[in-house]
Amino acid sequence: MYLSKPEKINSDLSREYDLDHSTSLSHQLGQLFDSRRDCDVNIPVLVHNNTSETICAHSLILSLNSQQDFRHLSIDTTSNCSEHAKTFIRYFYTRKIKFTRSTAHCILRMAQDWGLTEVQNEVTNLSRLFLPEDPTFQSQNSFYEYAVHIGDEALQEVCIRYLAWNCEALIQSPAWTNLSFALVKALLSRSDLVVPNENVILNGVERWAAAKGNPTIPEVLLKLIRFPLIQAEDLYKRNESQYDAMKKKGYYFNTLSLKTLLPDLKKDKEFYTPRIYTDSPWSTTFNHHKVNIYKDFGFFNRHGESLNSLTIKIRSPIHNSHLFTSNIMLWKTRVYISHAECSRDGVTCPTLPAVSVKVEENQNVPRRLVGKFQYSNKLIVLCEGTYVIQVLEFPNGDGENFVSVPRSADQVYPCRSDQFSYQVVIRPYYVTD
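The numbers in the sequence shown follow full-length UniProt numbering, run straight up by one, and end at 433.
Think of the hints as simulated: they come from the structure by calculation, not from any bench. Misleading hints may appear alongside valid ones.
Just the calculated beta-carbon pair ranges, DEER-fashion [to be verified]:
| no. | residue 1 | residue 2 | range |
| --- | --- | --- | --- |
| 1 | Asp296 | Ile150 | 21 to 27 Å |
| 2 | Arg344 | Ala182 | 17 to 23 Å |
| 3 | Ile293 | Pro406 | 21 to 27 Å |
| 4 | Ser22 | Ser59 | 20 to 26 Å |
| 5 | Asn301 | Thr351 | 25 to 31 Å |
Straight-line alpha carbon distances no greater than 27 Å define the calculated DSSO-like cross-link-like pairs of lysine-lysine that follow [as the list claims (entries may be wrong)]:
| no. | residue 1 | residue 2 |
| --- | --- | --- |
| 6 | Lys372 | Lys290 |
| 7 | Lys248 | Lys372 |
| 8 | Lys185 | Lys223 |
| 9 | Lys248 | Lys267 |
| 10 | Lys269 | Lys237 |
| 11 | Lys269 | Lys290 |
| 12 | Lys212 | Lys247 |
| 13 | Lys259 | Lys223 |
| 14 | Lys185 | Lys212 |
| 15 | Lys266 | Lys249 |
| 16 | Lys290 | Lys313 |
| 17 | Lys269 | Lys248 |
| 18 | Lys96 | Lys86 |
| 19 | Lys259 | Lys247 |
| 20 | Lys249 | Lys237 |
| 21 | Lys313 | Lys332 |
| 22 | Lys223 | Lys266 |
| 23 | Lys223 | Lys269 |
| 24 | Lys295 | Lys358 |
| 25 | Lys358 | Lys269 |
| 26 | Lys267 | Lys372 |
Ideal Cβ placement from N, Cα and C applies to all residues, glycine included.
With the hints as extra help, turn the sequences into a complete structure.
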């Protein structure tokens, strides 16, 4: 009879098996905080140096998360933020916290005061999520002031860039006249303000100054308004003596030759650089509703004409100067939403959608001015046609221009609906080199 050999018993006593119930610890510690059982630290919540409430906590828990001196613990806050103090202290127990647009700046300021770096480090990402949610621009202003308070330059840029890209809506909002002098100055210093025209900015700054009790625009701000880019007709309507010197520069830009203007253009380049002007004839928009219809049915309705591609033509002067109003360029813009469209046009589309703009007709440029103009054209991506989430630059101002629109996750600011409108803006400028 054959007896099988007994199997060798595994004698490795060092093998480990996990038993992990840590997920319940956060909940249990949260219950401990709520119960106030055996708490040994009283934290006053101060509003204007008056105690509005006292929060009882456990020094052992706090010591794991904070460098604070337990003998002098307090939360200094405002009446609007005091109700969120318990939520903030509870984070030390659960390591979880929920932010809303209205509570974020309150909790973030408490985190900054207490040196809670892991929360502070998330502030830039949080602000990107919250900024588009407030059409009143009150939250954006609060985030910016918070960023200034803590000296966070990255957060300041995230906030001010959103305000710049959505400047037209900002100027029309109630929050506009409440902006600080420093924020208005910072905005006016930028070339990426998206507005119909420069006159909109001038009107807005006039209204801001009046709301602050100033009969005229402060000189520092006045110098940042780009009068040369205001149309001659609008300049003519300005009778205020404060504008006389600036109007003169505007008239010169609109009537003098490049050769005459060149020294000034080189000396003060930003002053003569156009912002992102969306007025006709400088831009055109592919509305998200029409883009969706094209995706579903394969046609694009433009002025009653049914087209088999998302194509719009722009007729614009060759330059902003009044000298060239009759010198017209024809641009062709197109949105690609499928690789088949890209193949038919002989272009490579690494990602979709993609947008192109190119000169289709350029016969009205005087020979003496050939090579004197360049173009820094922009693509504005809007969420549901309402607010700007991305501004991209076409790489080549004179030839074929092609940009891929980033995926939703890679947009500078989020668009929850993924319903995008695309606006192409023509931006001419003189070559001064």
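Identify every previously stated hint that the structure contradicts and give their numbers, smallest first. Those not satisfied are hints 1, 2, 6, 11.
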